[in-house]
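Asker: All chains should be built: construct the whole structure from the sequences, respecting the hints.
Line order of the protein sequences matches chains A and B. Count along the first sequence starting at 1, add 892, and that's the number in my numbering. Count along the second sequence starting at 1, add 5, and that's the number in my numbering.
Honestly, the hints are just simulated from the structure, not real lab data. Treat the hints loosely; a few may be bogus.
Stated by the list, open to error - Computed list of lysine-lysine pairs in DSS-like fashion (alpha-carbon distance at most 25 Å, straight line): (1) A:K1039 x B:K119; (2) B:K192 x A:K1039; (3) B:K151 x B:K192; (4) B:K361 x B:K375.
Unchecked claim - Residues from chain B that face chain A, not an exhaustive set, calculated with beta carbons under 8 Å: (5) T62; (6) Y94; (7) F112; (8) T173.
A virtual CB, placed ideally from N, CA and C, is assigned to each residue, including glycine.
Spelled out from the first residue to the last, the chains are:
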Amino acid sequence: MLPLDAEAIDSIFLSLRLSATVTGLLILLGTPLAWWLVRTRSPLKGMVEAFVVLPLFLPPTVLGFYMLLAMGPSGPIGALTKALGLQGLPFTFSGLVVTSMLYSLPFVVQPLQNAFAGIEPRLLEAAQSLRAGPWATFGRIVLPLSKRGFLTAAVTGFAHTIGEFGVVLMVGGNIPGETRLVSIEIYDYVEAFDYPKAHTLAGMMVAFAFFMLLLLYGFGVGRGGLLRRS
Amino acid sequence: MVLAWVGAVFCVAHELSIQMIKARFDRTLGDFRLALDVTIPSRGVTIIFGASGSGKTTFLRCMAGLEPEALGSLVVGDQVWQDDDRGVYLPCHRRPIGYVFQDAALFPHLTVEKNLVFGLHRVSPEARWITMDQAIELLGIGHLLKRDPRHLSGGEQQRIALARALLTSPQILLLDEPLAALDLPMKGEILPYLERLRLELNIPILYVTHALEELTRLGDHLVQMDQGQVTREGPIASVLSDLTHSFDPLGEWGGVLFSVIAGHDRLSGLTDLSFQGGGIKTPLIDRPVGTPVRLNVSPNDISLTLNRASETSILNIIDVLITDVTTTQDPHQVMVHLAIGETSLKARITRYSLGKLKLSPGMHVFAQIKAVSLLA
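Answerer: What follows is the structure, encoded as structure tokens:
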């Protein structure tokens, strides 16, 4: 029914796979990072925070350009992958994952950081005084009290990764089934004056983004939402 | 009936009861420094008393292991909880304490019942000396179990926090101004529960407060703090007159009768209390004979006569010695200081009556104390 060819469908699944992978990894990595940022009194805190937020202030092409160099044969990441006997990251799906993680990092870390910072420290102390060690306190108190933050982090991280263009074009190029994402596919259609196909994919992106935001604001955390805290 | 039963069960805890608590702490927070070295008795309520900013809460937090940067040592009975010289430091979750915060700190995402079992489940069954049912009964919270803690009154929240702390079967109970966040009627609602804990638990209780009333009603032992240091310590009875003097410069505080229940007249609804130097009747206090009772006596509830009145509704007429007469804020009233044996009380009377009765220090008079005002 939809005027989509196999390539377009491939690009959709590739985008979804990339976003899911990046979001999952970022939640795993961002949780301890956000927790550390909230709890630490280390002088490094400011620097780490600035680094986390940096992608928000850079043109995606700049980030993509430096990541391409870093992952290249003479870059530090390239040297590391070479030393580990892995294939080079540029123009591969793994390269997209690594780069997208960096690019979407603030969108995952900041909501988690806000959620963690909003937890009354007294509650953590109360849990400790009730014999809960650090892991139990985190699992029984911190996680349930920051579920809104996790939802926000997951939705914005996912949506932001889906919407990438510049950064993935720099690092991934345009290899069908490997690095050709929906956003690049749309660009290709427009370049080729194939507006109907561009419309279909672009319209799907709009609907998708709207649905994600609806999940976040309408059913998630807004007034009357599922996760509303009275 | 139930009270007696609970008391009997708690006797088991006797075996666990510890000898002495020796605490030495040094903690610097900005330009504030806590530096103290105290020994706390293993029985009864030790009141950590002082103005805000005197370091009482910091001291309590050091005891609990909530100030990991505090230097010093803490020995509880024969267990070393902290000793910097030997590199020993038990983190908070390994110290068998119960801690109650000023604002209860109940977990908002858990029901009351789940709050209660949070700590209970983390204590091995052999180490438990109180059951869920006993804690619920002791604090009268049975009807609240299914509730959302955010929808409870401050007083109810604080009772749940107390039960939650008790359910970890602690060896020491640490209470950080548990009444400070409550309004006056709610304080009155919680105090009887705290008095009950004091009488029925065999563990030491450290109670931080700056309220004289809590000190006189609950305290057995006092540690007074000022600017991070201990300025006075000792049994309450012996430091009370000094203390009321320094915390009540206008001399408006009445006095405390340390008494014991001598008997009940259930038909008339009265209880006889005896104290050093006399006896007194109060409305029925439903506790066994021999239970210690403290009465805060307001200066407004004592009147003085030269002769023992025979036809009066006042039940308590006590022979007292006038030790001093001082002024009050009201120029038409005076405060008459009275001694009954070792106990001292005060009566507020008008200057007119003082002149009419020709009262002066050294005189023996009769103090009439209204029984209904004596409910502790």
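Asker: With the threshold set at 25 Å, check whether the alpha-carbon distance from K151 (chain B) to K192 (chain B) stays at or below it.
Answerer: 24 Å, holds
Asker: With a cut-off of 8 Å, does the beta carbon of T173 (chain B) approach a beta carbon of chain A closely enough for the hint to hold?
Answerer: Hint on T173 (chain B): holds, closest Cβ of chain A at ~6 Å, below 8 Å.
Asker: Mind checking the alpha carbons of K361 (chain B) and K375 (chain B) for me, to see if they're no more than 25 Å apart?
Answerer: 22 Å, holds
Asker: Does K1039 (chain A) sit within 25 Å of K192 (chain B), going by the straight-line distance between their CA atoms?
Answerer: 36 Å, violated
Asker: Next pair to validate is K1039 (chain A) with K119 (chain B); report whether the Cα-Cα distance is within 25 Å.
Answerer: Within the cut-off at roughly 19 Å; holds.
Asker: With chain A as the partner, please determine if Y94 (chain B) meets the hint condition of a C-beta pair closer than 8 Å.
Answerer: 14 Å, violated
Asker: How about T62 (chain B): closest beta carbon in chain A under 8 Å, or not?
Answerer: With Cβ-Cβ at 12 Å, over 8 Å, it is violated.
Asker: Checking hints one by one. Is F112 (chain B) an interface residue toward chain A, by the C-beta closer than 8 Å rule?
Answerer: 6 Å, holds
Hint violations for this structure: numbers 2, 5 and 6, all remaining hints satisfied.
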